[in-house]
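Student: Working from the sequences, and respecting the hints, build out all of it.
There are 2 protein chains.
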Amino acid sequence: MEKERCVIVGGDAAGMSAAGQIRKRRPDADIVVYERSGYCSYSACGMPYYIGGLVDSERRLVVRSPDEFRSRGNIDVRVRHDVLAIDIPKRSLRVRNLENGREHTDFFDKLLIATGARPIVPDVPGAGAEGIFSLGTLETGISVYQHLLGQEPRKAVVVGGGYIDLEMAEAFCLKKLDVTLVDRAPQVMGGFDPDIASLIGEAITQTGTKLLLNEAITGFETDSGRVRAVVTENRTIEADIVVLGLGVRPDSGLAASAGLPLGPKGSVAVDRRMRTSVEGIWSAGDCAQVVHLLTGVPVHIALGTVANKAGRVAGITMGGGDAVLPGVLGTAMSKHCRYEVARTGLNEREAAEWNIPVVSSTIRSKTRAGYYPQAEDIHVRLTASKESGRLLGGQIVGGQGAAKRIDILATAIQGEMTVAQIVDLDLGYAPPFSMPWDPVQIAARELLNALGGE
Amino acid sequence: MEKERCVIVGGDAAGMSAAGQIRKRRPDADIVVYERSGYCSYSACGMPYYIGGLVDSERRLVVRSPDEFRSRGNIDVRVRHDVLAIDIPKRSLRVRNLENGREHTDFFDKLLIATGARPIVPDVPGAGAEGIFSLGTLETGISVYQHLLGQEPRKAVVVGGGYIDLEMAEAFCLKKLDVTLVDRAPQVMGGFDPDIASLIGEAITQTGTKLLLNEAITGFETDSGRVRAVVTENRTIEADIVVLGLGVRPDSGLAASAGLPLGPKGSVAVDRRMRTSVEGIWSAGDCAQVVHLLTGVPVHIALGTVANKAGRVAGITMGGGDAVLPGVLGTAMSKHCRYEVARTGLNEREAAEWNIPVVSSTIRSKTRAGYYPQAEDIHVRLTASKESGRLLGGQIVGGQGAAKRIDILATAIQGEMTVAQIVDLDLGYAPPFSMPWDPVQIAARELLNALGGE
Chain A
11 MEKERCVIVG
21 GDAAGMSAAG
31 QIRKRRPDAD
41 IVVYERSGYC
51 SYSACGMPYY
61 IGGLVDSERR
71 LVVRSPDEFR
81 SRGNIDVRVR
91 HDVLAIDIPK
101 RSLRVRNLEN
111 GREHTDFFDK
121 LLIATGARPI
131 VPDVPGAGAE
141 GIFSLGTLET
151 GISVYQHLLG
161 QEPRKAVVVG
171 GGYIDLEMAE
181 AFCLKKLDVT
191 LVDRAPQVMG
201 GFDPDIASLI
211 GEAITQTGTK
221 LLLNEAITGF
231 ETDSGRVRAV
241 VTENRTIEAD
251 IVVLGLGVRP
261 DSGLAASAGL
271 PLGPKGSVAV
281 DRRMRTSVEG
291 IWSAGDCAQV
301 VHLLTGVPVH
311 IALGTVANKA
321 GRVAGITMGG
331 GDAVLPGVLG
341 TAMSKHCRYE
351 VARTGLNERE
361 AAEWNIPVVS
371 STIRSKTRAG
381 YYPQAEDIHV
391 RLTASKESGR
401 LLGGQIVGGQ
411 GAAKRIDILA
421 TAIQGEMTVA
431 QIVDLDLGYA
441 PPFSMPWDPV
451 QIAARELLNA
461 LGGE
Chain B
11 MEKERCVIVG
21 GDAAGMSAAG
31 QIRKRRPDAD
41 IVVYERSGYC
51 SYSACGMPYY
61 IGGLVDSERR
71 LVVRSPDEFR
81 SRGNIDVRVR
91 HDVLAIDIPK
101 RSLRVRNLEN
111 GREHTDFFDK
121 LLIATGARPI
131 VPDVPGAGAE
141 GIFSLGTLET
151 GISVYQHLLG
161 QEPRKAVVVG
171 GGYIDLEMAE
181 AFCLKKLDVT
191 LVDRAPQVMG
201 GFDPDIASLI
211 GEAITQTGTK
221 LLLNEAITGF
231 ETDSGRVRAV
241 VTENRTIEAD
251 IVVLGLGVRP
261 DSGLAASAGL
271 PLGPKGSVAV
281 DRRMRTSVEG
291 IWSAGDCAQV
301 VHLLTGVPVH
311 IALGTVANKA
321 GRVAGITMGG
331 GDAVLPGVLG
341 TAMSKHCRYE
351 VARTGLNERE
361 AAEWNIPVVS
371 STIRSKTRAG
381 YYPQAEDIHV
391 RLTASKESGR
401 LLGGQIVGGQ
411 GAAKRIDILA
421 TAIQGEMTVA
431 QIVDLDLGYA
441 PPFSMPWDPV
451 QIAARELLNA
461 LGGE
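Heads up: the sequence lines are chains A and B, in that order.
The first sequence begins at 11 in our numbering and counts up one residue at a time.
The second sequence begins at 11 in our numbering and counts up one residue at a time.
Calculated from the structure, these hints are not laboratory results.
A hint or two may mislead.
A pair counts as met if it fits within one copy or between any two copies, since identical chains are not told apart.
Derived pair list, reagent style DSSO-like, types lysine-lysine, alpha-carbon separation capped at 27 Å [what the hints assert, rightly or not]:
#	residue 1	residue 2
1	Lys34	Lys396
2	Lys220	Lys165
3	Lys13	Lys34
4	Lys100	Lys13
5	Lys376	Lys34
6	Lys186	Lys220
Tutor: Following this line, the structure appears as structure tokens:
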């Protein structure tokens, strides 16, 4: 019997998680990974900290190198290789070596498409100018870093108001640049309800970053091919460096061209075992859909946590084991200077989209005992089902120690707990860490009252 | 109809939580609180930080003063009043005013006994000497503080290896004293399994505190009534100040003398609504029992979180509402300099006592992404039922950000989750806070393997 050949397209979180799980179960399988960039298994989420100077080398963002995968796991990682096409009937792939331009055909018994996502680039004049970056691969992060070193920009504009934008604004603050964050939306952080988003906006402003909302960009002014300013509907903002953080789209072209069905936002359609509709072909990570735990409906959520989990499940099932990813809540967090933000589950807008009657309330409390040094404000917003009292979502903004409390709420949602049960949780307390009632419980007590309970 | 008279004996966490809940439901009731000490509603847990100089005044530990309770809640708090006896048939109390020595009789329709706990003092020679303290009331904390100011001690000995002992050792370290921690047990922190306790012991040693285990104290050497040294079975340790942190016993003498049944360790027996067996009499807080959520058996766990929750439930039911305290897990946490520790649920020894077959495993990971500044070691130990795979307990020791992760585990236990479900949790991730797999999930994956799952 010939050795089984498992081919993985894409060598970051999902792809390499899967590779490890396959190897664990199939010591004899051939495992080949094609990765378009020059790196595999790196932390894309770490780029803002590398750019901001908190991480001293881009190499530290690489969890494991191709050589390490080869020597420790007998996993054949080929970086700088672009998979051009998949021929499903022939079980073959067309691959180009980006170093020398040569192409070859490879075959697979099992295939995982883990091609990730691509940043959205706005179709406006000047978007291709030098000094304008969309964070995607580690290479882009290195380009931003080198631009900062070589060009010594003084004015940075971050376009977008999401997680990465907050983090890039922080990075530029750390580099002592003059920073403006521009968002076309009426609030930053679209995943948050307006009251919490407004607090996040205040926090951004308090760190010295200029915040412009309700301003869509219409183009860029350039000078000899270099960006000079960002132009919005209302004004022109001088800029020596621009980062576009407008979200991402699944990089599912390869899968689509092969005829694989697509799901929400063009993500590859898969079941909860990460199997596509074609026997022997899986997809996982930022290119693939996942199920939302609360609605049971497929969604596209590009997050490192999800990519790792989906890759693990794909690898287990590809290796002959069984696992499912029950679903995700879109739990996410970010930090801007001394402010932390986090969310999980459904916000009010999302609940309304799903026609789920909800009650929400927001409280302000402290991250530590009020008398303990560095006790800072924390705002917690909870959303619960009006009918069942079950927790459906949580949003947090506050000082050090605020954001990771989202995990209590994510766990409670996954445990199908009611707000009353959150009041009863036996959470940890000591003055340096909390108050006898943790802020999430104070929020739960408030919401319980709003729901008409004790 | 006469106004209902609710009398509360003890004005700290449980008593004052109850008072607030009664007032909320019974605007017209008379609410009287008798408190032996000079303060009500103070944070006993905050004393080590006040003593260590992190909190600038003992007044900051007082959440609300008697005057504030009177003016804002119409709650009549009488500090420096000792309740000497309860006459159940007559529904009366004998009360002494400690300021002037006068006694009077008061009556109640509803009574809450929230008398707290008393520190255990060893019966050895010299235990009453000046310079030896057992932390109980805020007054004792103030005495320790004043002793530090007035006597300028240089050598401190902390007797005991529990939460408060770690915190007092930290306080003395902050005050630049030479600190020795002596414990008769073979490990510090009896609530932890030996491997984690050993890591805690190492952490204590690394901060410069001397740690002596397996050493019972046999007495104290004194000089003109002042402590000079702590004597153990093996040696004599010079000491200018000694703090005894040997645990507490329920202060249930008043309840026992009145004929109320007692439960574990002499705590007042109550149901999950905090009702004693006598109609109209409740008990809550460090003097009363609670139910352990995992065993369903009454236990005595003296913690501020439990006292607050039990007091709330007592107050709701005293006020005519309904609430139950489903049970507690003994979730607790502490900090010693830069090390954080936390636990919840059952450890291996406790599981064995209850004849529950379990599997445990301990992992080491990082508190943040490995490349992020101040990423520190975190050790997580999980214990699960061998039969059902349900999580039963967790223990954590590590650097900043380690301890509060215990809340994920406490919530998962309360949600009756299996270890496999913890692997699937959609927890928050960003490099400053975590890794894509949170350390508790890395521990869950390890334990899942040990349990024979994927």
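Student: Are the hints correct? Go through all of them and say.
Tutor: Results of checking the hints against the structure:
1. Lys34 <-> Lys396: between (46 Å within a copy, 23 Å between copies)
2. Lys220 <-> Lys165: Within one copy only: 11 Å inside a chain, 53 Å across chains, cut-off 27 Å.
3. Lys13 <-> Lys34: Cα proximity of lysine 13 and lysine 34: one copy only (15 Å, versus 72 Å across).
4. Lys100 <-> Lys13: within (18 Å within a copy, 87 Å between copies)
5. Lys376 <-> Lys34: The answer is between: 23 Å across copies meets 27 Å, while 45 Å in one copy does not.
6. Lys186 <-> Lys220: within (14 Å within a copy, 44 Å between copies)
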